[in-house]
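Undergrad: Letter by letter, the chains look like this.
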Amino acid sequence: MNGQALPLKESMLLGLLSLLLFLGLWTVLTVSGIVPRQFLPTPLEVASRFFQLLTSPFAGATLPTHLAASFKRYAYGVLLAAAVGVPLGLLMGWFRLLDDIVTPIFDGLRFIAPIAWVPFAALWFGTGIGGPIMIIFAGAFPPCLINAYRGARFVEPRLIEAAKMLGTNDTRMIMEVLLPAAVPSIIAGLRVSAGLGWQSLVGAELIVAAAGVGFMMVQAQGSVQTATVMTGMIAIGIVGMIIDVLLRQGEGWLRRRRGLEA
Amino acid sequence: MLKALAGGLFLGLAPGRKPAIKVATLAALIGLWFLLTTVTGAVTGGRFPSPAEFWTSLVQINTRGYAGAGLVSHALHSVKLVAMGFLVAIATGVPLGLWMGWSRKVEALVNPVFLIIRPIPPLAWIPLAILWLGLGDAAKIMVIWFSAFVPSVINAFTGVRNIDRPVIEAARMLGTPRWRLISEVIAPAASPMIFTGLRLSLQASWTTLVAAELVGALVGVGFVLNMAQQDIYPGMILVGMLTVGLLGWGTTVLLGMAERRALAWNIAARD
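Protein sequence lines correspond, in order, to chains A and B. Here the numbering used here is used: position 161 in the first sequence is 161, and no number is missing along the way. Here the numbering used here is used: position 90 in the second sequence is 90, and no number is missing along the way.
Treat the hints as calculated values from the structure; they're not laboratory data. Watch out, some of these pointers could steer you wrong.
To be verified - Distance windows between CB atoms, simulated:
{"id": "1", "chain 1": "A", "residue 1": "154", "chain 2": "B", "residue 2": "250", "range": "51 to 57 Å"}
{"id": "2", "chain 1": "A", "residue 1": "257", "chain 2": "B", "residue 2": "257", "range": "42 to 48 Å"}
{"id": "3", "chain 1": "A", "residue 1": "9", "chain 2": "B", "residue 2": "173", "range": "40 to 46 Å"}
{"id": "4", "chain 1": "B", "residue 1": "118", "chain 2": "A", "residue 2": "252", "range": "17 to 23 Å"}
{"id": "5", "chain 1": "A", "residue 1": "97", "chain 2": "B", "residue 2": "40", "range": "38 to 44 Å"}
{"id": "6", "chain 1": "A", "residue 1": "253", "chain 2": "B", "residue 2": "39", "range": "50 to 56 Å"}
Note that the Cβ used here is the ideal one computed from N, Cα and C, for glycine as well.
Please take these sequences and the hints and turn them into a complete structure.
TA: Spelled out as structure tokens, the structure:
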């Protein structure tokens with residue numbers, strides 16, 4: 001292994017080189033006609049389509065409107081997953097019987113890919129907002145539960161013993177001992193959930209929705225508008241990245257506040 | 001994040017727990033299912049199938065077939081696609097990750113492109129894959145490859161970067177030739193992390209396959225789900241879902257067996 005990190009200048013130079021190679025190869029392939037434009041537009045065409053869609057509608061709405069519709073579903077689904085998963089995880093971390101009952105069910109369901117809930121989601125909650133929310137929930141729920149559970153289970157036994165000795169009841173034990181101790185683990189779980197939820201949103205919208213970025217992409221695919229499909233991919237990537245960066249910052253801030261290493 | 005994910009795939013504290021509670025839970029669940037659907041009719045057949053309806057669907061797909069084929073051929077087709085996409089992803093992703101871990105230059109060269117492509121969820125490639133390759137197997141293998149590729153690369157890369165430097169320096173000092181250094185030091189030392197990546201890759205492969213088959217396919221478990229949804233056939237939806245779960249479980253167990261075999265030295269050392 002070539003030990004030390006490269007000097008910053010060299011690594012920036014190499015990075016720039018690789019990006020230029022990437023865009024260059026793409027341009028050469030498309031402009032020369034080796035790959036038909038219909039299937040792979042030039043980078044410039046995709047960029048101009050992106051900016052065009054910011055103001056002119058496709059599949060019933062402009063890109064920002066589609067994104068807003070997607071984000072609303074996403075926020076509902078992830079918040080619901082956190083609101084159910086975190087308390088349940090904490091309760092399971094304290095009450096052994098609940099743990100014994102829920103764990104086998106949960107471990108069994110984990111093998112079913114969240115996206116396989118699509119047909120039931122559509123049947124139970126329709127394809128408007130309810131169905132997609134359920135699929136996002138299915139994707140985002142497990143890490144919420146697992147991390148809250150682990151956080152609660154691996155609290156220092158001394159803390160629990162001390163609280164018990166002082167006659168703390170169950171409610172206060174969970175709210176004032178387990179919850180605060182599990183916060184770092186819970187936050188880490190929420191970040192994973194946010195990522196998986198975003199992934200599930202895309203899947204849900206490709207299949208069942210009637211609005212949103214995923215819907216826009218499927219419509220564009222149907223009419224062979226490759227530049228629009230790629231615009232959707234870029235928009236999804238950018239929003240996903242922003243969500244991840246914000247959550248990372250939040251996690252780092254919280255860890256620093258609690259005197260943990262960031 | 002990936003490490004946290006892999007560790008958290010299962011609650012993990014279950015072994016050693018009284019199996020009686022497990023069995024009782026399962027029995028209670030089935031009893032509840034029976035009670036809600038058949039006995040009281042609180043949940044109607046249009047929402048969720050009764051045990052009898054589920055059984056009828058299972059018999060139907062196995063004897064007369066559904067969505068153009070029997071359950072076994074749908075399942076085998078899906079397994080085949082997952083296996084192919086997964087293997088291509090490993091064969092490309094793990095070497096790339098090892099190489100990036102080995103050489104800072106390669107890392108600097110590949111990382112920027114990787115950083116651009118990575119935030120795009122694998123499922124978002126499905127429409128493009130269909131445009132490029134149609135509704136057949138090739139498009140599915142492409143998206144599975146994409147989804148399984150990223151965890152393979154990242155974990156192989158991390159695995160190499162986490163190797164203790166003295167180990168490599170010792171091997172070098174003893175004059176180990178480069179290829180033996182890679183095959184006998186680097187790859188084995190990184191292999192626990194590599195397998196963590198493979199587990200994530202496998203899970204991602206199944207999610208992607210099911211999504212891709214739901215969006216457009218002519219055969220496969222996702223296609224069964226899709227047809228059952230359109231026919232509003234809850235019994236068959238349940239059959240499809242349980243098949244997806246069973247296949248996911250089966251392939252995970254197989255991978256676990258491969259891991260135990262490949263890492264026997266490491267597991268023995270840990271114990």
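Undergrad: Can you let me know if the beta-carbon spacing of residue 9 of chain A and residue 173 of chain B is within 40 to 46 Å?
TA: The hint (40 to 46 Å, Cβ to Cβ) is violated, given that residue 9 of chain A and residue 173 of chain B are roughly 32 Å apart.
Undergrad: 42 to 48 Å was suggested as the range; check whether the CB atoms of residue 257 of chain A and residue 257 of chain B agree with it.
TA: holds, 45 Å
Undergrad: For residue 97 of chain A and residue 40 of chain B, compare the CB-CB distance with the range 38 to 44 Å and indicate the outcome.
TA: 26 Å Cβ-Cβ, so the 38 to 44 Å window is violated.
Undergrad: Taking the beta carbons of residue 154 of chain A and residue 250 of chain B, is their distance inside 51 to 57 Å?
TA: Given a distance of about 31 Å, which is not inside 51 to 57 Å, the answer is violated.
Undergrad: Looking only at beta-carbon atoms, does the pair residue 253 of chain A, residue 39 of chain B fall within the given range of 50 to 56 Å?
TA: Roughly 53 Å apart at Cβ, these two residues keep to the hinted range, so it holds.
Undergrad: Is the gap between the beta carbons of residue 118 of chain B and residue 252 of chain A within 17 to 23 Å?
TA: holds, 20 Å
Hint compliance for this structure: hints 1, 3, 5 are not met, and every other hint is.
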